[in-house]
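S.K.: Sequence:
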Amino acid sequence: MIIGVCTLELYLPQSESLKDKRSALKGLISRLQREFTVSAAEIDFNDARRSALIGVALVSNSAVHVQQLLANLVRWLEENRPDLDLLQHRVEIMHVTPMTD
113 MIIGVCTLEL YLPQSESLKD KRSALKGLIS RLQREFTVSA AEIDFNDARR SALIGVALVS
173 NSAVHVQQLL ANLVRWLEEN RPDLDLLQHR VEIMHVTPMT D
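The end of the sequence shown is residue 213 by our numbering, with every number in the run present.
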């Protein structure tokens, strides 16, 4: 089993309040989940109005699939969300041996 994790550090320059930030992130997270079939959530900087750390995760049986999907997700974010600045991202791929009886 392969688990892929990607953290996305974002800067939201147009966010004037936490309400603005939550609105932007809610739409982004929903879109990532729908487009890429991943789990995603805000994982840090919850009280900062212009900063966010998003965690994205997926499970697969192919490391190549995980790497390609997360690379596509990052590229999509950079190309389709000019209102957000991607400051940095980090991808981790873990190989996990499933339990057997």
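Simulated from the structure, these hints should not be mistaken for laboratory data.
Please note that a few of the clues may not be correct.
What the hints assert, rightly or not - Here are the simulated EDC-like cross-link-like pairs (lysine to aspartate or glutamate), alpha carbons at most 20 Å apart as the crow flies:
hint, residue 1, residue 2
1, 138, 154
2, 131, 147
3, 138, 204
Said to hold, decoys possible - Label pairs and their in silico Cβ distance ranges:
hint, residue 1, residue 2, range
4, 212, 126, 46 to 56 Å
5, 126, 172, 33 to 43 Å
6, 212, 130, 16 to 26 Å
7, 163, 143, 34 to 44 Å
8, 188, 157, 15 to 25 Å
9, 123, 212, 22 to 32 Å
10, 139, 200, 13 to 23 Å
11, 212, 192, 37 to 47 Å
12, 200, 128, 19 to 29 Å
13, 129, 151, 22 to 32 Å
14, 175, 212, 35 to 45 Å
15, 173, 128, 39 to 49 Å
C-beta: ideal position from N, C-alpha, C; glycine also.
S.K.: Indicate, hint by hint, whether the structure satisfies it.
M.R.: Verification of the supplied hints:
1. 138 <-> 154: Holds, at about 9 Å.
2. 131 <-> 147: Answer violated: residue 131 to residue 147 is near 24 Å, above 20 Å.
3. 138 <-> 204: Violated, at about 24 Å.
4. 212 <-> 126: 46 to 56 Å: Hint holds: Cβ distance 51 Å, inside 46 to 56 Å.
5. 126 <-> 172: 33 to 43 Å: Since the Cβ atoms of residue 126 and residue 172 sit about 35 Å apart, the hinted range of 33 to 43 Å holds.
6. 212 <-> 130: 16 to 26 Å: violated, 46 Å
7. 163 <-> 143: 34 to 44 Å: violated, 20 Å
8. 188 <-> 157: 15 to 25 Å: The hinted range 15 to 25 Å holds for residue 188 and residue 157, with Cβ atoms some 22 Å apart.
9. 123 <-> 212: 22 to 32 Å: With a Cβ separation near 45 Å, residue 123 and residue 212 fall outside 22 to 32 Å, so the hint is violated.
10. 139 <-> 200: 13 to 23 Å: Given range 13 to 23 Å: holds, Cβ gap about 22 Å.
11. 212 <-> 192: 37 to 47 Å: With Cβ atoms ~42 Å apart, the hint holds.
12. 200 <-> 128: 19 to 29 Å: holds, 24 Å
13. 129 <-> 151: 22 to 32 Å: The hinted range 22 to 32 Å holds for residue 129 and residue 151, with Cβ atoms some 27 Å apart.
14. 175 <-> 212: 35 to 45 Å: violated, 20 Å
15. 173 <-> 128: 39 to 49 Å: Distance hint for residue 173, residue 128 holds at roughly 44 Å.
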